[in-house]
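Asks: Residue-level listing of the chains:
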Amino acid sequence: MKTSNYIKPPRIAEWMLKSVYSDKGEYTHLGDFREVFNEMYQGKGFLFAWLWYWFQVIRSLRGFISNKIYWSTLMFKNYLVISFRNIIKNKWFSVTNITGLAVGMACFILILAYVQFEMSFDRFHEKAGSIHLVISHDSYMKSNVEEYSAETPELLAKALTDSIPEIVNATRIMKPWTKKAVLQNNEKSFYETGLYADRNFLSIFSFPLIKGDKIESLASPNSMVISESAAKKLFGNEDPIGKSIEYKERHKQFNLHITGVLKNSPPNSHLQFDYLISVPTLIADKSNSFMINTWDVGNFITYVEVKKGSKKAIVEGKFPSFLKKYEQKGYQLYLQPLKDIHLRSHFERETSTNNEMKYIYLFISIAFVILLIACINYMNLATARAVTRSKEIGIRKVAGANRTQLFKQFIGESFIVALLALGIALVLIKLSLPYFCSLVGIDIQINYLHNTALMILLILTVMFVGIASGSYPAIVLSALKPGNVPRNISLLKETFEKNSHGQPFDFYFLDDAFNQLYRREQRTGKAFGYRATKSEISMFFKLEGNIFFS
Amino acid sequence: MKILSRSEELVLLAIWKLEHDAYCVPIRNRLIKITGKNWSFGSIYDPLDRLEKKGLLDSFLTDPINERGGRRKRIYRLTPLGKKALLEIKSIHDASWADVRGLKPETNKV
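Line order of the protein sequences matches chains A and B.
Okay, so the first sequence: first residue is 1 according to the numbering used here, each after it adds one.
Okay, so the second sequence: first residue is 1 according to the numbering used here, each after it adds one.
Heads up, some of the hints might be wrong.
Calculated cross-link-like contacts (lysine-lysine; reagent style DSSO-like; alpha-carbon spacing at most 27 Å) [to be verified]:
id, chain 1, residue 1, chain 2, residue 2
1, B, 104, B, 37
2, A, 68, A, 214
3, A, 24, B, 53
4, A, 127, A, 308
5, B, 104, A, 44
6, B, 53, A, 68
What the hints contain is simulated information worked out from the structure, not anything from laboratory work.
These numbers were taken from a predicted model, which means no experiment stands behind them.
Model the full structure from these sequences, guided by the hints.
Replies: See below:
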């Protein structure tokens, strides 16, 4: 072979070939392949040689990969078996451990489900991002009290859409004078909560209608839309559309006919109602004329839909000139985004009682602290028990396990425990959910399959618990040196003798394992995985012999 | 001792024949020449490893060689046990072929 014509095979292919076979660390096969590669190059050209080399590598890869998979599944099975044996062997230990974790996880998930519910308020509206509540800020001269109020005059909605181009649409609602009103159908009558709502209310908010038209159902006087459950109560299985109903409040009494049926308002809506009465009903009633067509009385709650992409601050910046145009003095207007109403607004005369963001943060931190405590508890227990497993680690190490393998084993074990704990936690959640709901006063439905965020949270929780609780034992245990294991065992033996009342303990399996290993080392002259020196092993024997077999 | 497999026998014979230069490449070349079929490297490493494990072969390493990308050659030799195994297989062959008659290429045709 001429050295001048000598070429190298493709580097990646050679590297792959190197990982397939080692020939006891000498890689002589790479030399063989190079020789043939060069022969081919000289005889048949570079392309042929190159293709041949790659073909060889790819062909050998199949066996290599199936071999790898075979052995890794075998080891995986072994790890599984060992960890289950360990769990079963230390029953009380496992029970305390897993229930501890499970309770922690259950609390964590419940609290976060509550938080998720609170954060999800009013997100279901299609236009949720662009709907804003109009807030008025009064400074009364007389009482010196500053007040932010959700209530605004009747004329405001139309004036806003007319003179501010960014405001596409505006709708008004009004709370009834009494919190609950009577709906009466012949002899059946019920107390229900509800609202007066403008004709475009249902086209701005996405409360789904089952029957009736979005706009027409609230367009004319004396029309009313009721919820599914109210319809069921009042009319049973009959079709409620077109039926008339007696409506009684403290001062008011209307004869209304039903023009639509709504789905029950979702629990995570700040507007909760069982009926909607059209605003024209109010206007048609002469006794309400004091608040209609005026700027002086603010009884309505106004929501505006802002053009997509226009900023809240820009719209708010146009309010002073708007108020001047309509000759309004003594108060300012602001916007409150719909998504913030539940957690970030505290105004007078709002439609709902709201939660506060700081409580949400508090709950989140409590949830994490609980989970962390459960993890630390597990870590503590696992590390305490770890000493008893040092002999297993010693044997694994001397038989050729490297540190990453041991690390994987212990992390995997804590993952199994975390998964078991998750299973128990889910059962605990299922059992305790009704009590939890009555405690927080809301009806939370946990629907795992349809709740991707919760699913991701569950997976992350298991990962977090697995890693957080397994990392410390895994690091500590995998770092044990086989040479130190006998010393650990001797320590262990002392404690064991104390605890087992001097009964003999079987360490013969250790002797056997090391004997075999020693013979193999003698035969091959080289350790395969772990490079235990002979002195290390003989020290092991000496120590072991002295301690256990003297 | 078990009877050698055919590939083991061929490999052992090739090593015996190649004498001082019996490493993988010439072994493979020789087998390809004799059998007229393509032998992959895997099909040679495998019996070599097996034979070495059984003690029919032993091997030593040469100095690193530049043309081989700085890799050594692993040169194989027959052990006395290997020679014995070869002789044994030869006697088995002789005995089993001794009284076979009438086996001609045409008879294989269907």
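Asks: A separate judgement is required for each hint: does it hold in the structure or not?
Replies: The hints, checked one at a time:
no.: 1; hint: 104(B) <-> 37(B); in the structure: holds (22 Å)
no.: 2; hint: 68(A) <-> 214(A); in the structure: violated (63 Å)
no.: 3; hint: 24(A) <-> 53(B); in the structure: holds (13 Å)
no.: 4; hint: 127(A) <-> 308(A); in the structure: holds (9 Å)
no.: 5; hint: 104(B) <-> 44(A); in the structure: violated (38 Å)
no.: 6; hint: 53(B) <-> 68(A); in the structure: holds (22 Å)
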